[in-house]
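Be aware that the sequence shown starts at 7, since it is given in our numbering, and climbs by one per residue.
Honestly, I wouldn't trust all of these hints.
Unchecked claim - Okay, derived cross-link-like pairs now, BS3-like style, lysine-lysine, Cα gap no bigger than 30 Å in a straight line:
1. 35 <-> 23
2. 26 <-> 43
3. 46 <-> 23
4. 43 <-> 23
5. 18 <-> 43
6. 18 <-> 46
7. 23 <-> 45
8. 18 <-> 35
9. 18 <-> 45
Stated by the list, open to error - Computed spacing ranges between beta-carbons, pair by pair:
10. 28 <-> 48: 13 to 23 Å
11. 26 <-> 48: 33 to 43 Å
12. 8 <-> 32: 23 to 33 Å
13. 55 <-> 27: 31 to 41 Å
14. 51 <-> 31: 17 to 27 Å
15. 15 <-> 60: 29 to 39 Å
16. 54 <-> 29: 27 to 37 Å
17. 9 <-> 34: 28 to 38 Å
Honestly, the hints are just simulated from the structure, not real lab data.
No residue lacks a Cβ here, since even glycine has one placed at the ideal position from N, Cα and C.
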Amino acid sequence: MQDWDGYAQAPKSAPLKLGKHQPDGNLIKIQFVVTGKNKKSSNTFLGMDCIVLE
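Using the sequences and the accompanying hints, generate a full structural model.
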């Protein structure tokens, strides 16, 4: 798992590399968990524009 502060004053899209992972059999599970927020943020939102599996 990787910590990441995605705070921005306005929504934006940018690549985020999550490393290399092996599937468990034929299953690939992707989970995002919000565990806190930047002090400058007034809320917590998470949006995914695209996921690329290579």
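Is 27 to 37 Å a correct range for the gap between the Cβ atoms of residue 54 and residue 29?
violated (19 Å)
With 13 to 23 Å as the target window, see if residue 28 and residue 48 comply at their CB atoms.
violated (38 Å)
Would the hint linking residue 18 and residue 45 be met if the CA-CA limit is 30 Å?
holds (18 Å)
Residue 23 and residue 45 were given as a pair; does the straight-line alpha-carbon distance stay at or below 30 Å?
Holds, at about 24 Å.
Mind checking the alpha carbons of residue 18 and residue 43 for me, to see if they're no more than 30 Å apart?
OK: residue 18 and residue 43 at ~17 Å, within 30 Å.
For a C-alpha distance cap of 30 Å, please report whether residue 18 and residue 35 respect it.
holds (25 Å)
Is the Cα-Cα distance between residue 46 and residue 23 30 Å or less?
Holds, at roughly 24 Å.
Take the C-alpha atoms of residue 26 and residue 43, compute the straight-line distance between them, and say whether it is at most 30 Å.
holds (26 Å)
Does the Cβ pair residue 9, residue 34 satisfy 28 to 38 Å?
violated (21 Å)
Indicate whether the distance between the beta carbons of residue 15 and residue 60 respects the range 29 to 39 Å.
Cβ of residue 15 to Cβ of residue 60: about 31 Å, so the range 29 to 39 Å holds.
With 33 to 43 Å as the target window, see if residue 26 and residue 48 comply at their CB atoms.
For residue 26 and residue 48 the Cβ distance comes to about 35 Å; the hint holds.
If you draw a straight line from the CA of residue 18 to the CA of residue 46, is it 30 Å or shorter?
holds (16 Å)
Of the numbered hints given earlier, the model fails hints 10, 13, 14, 16 and 17; all others are met.
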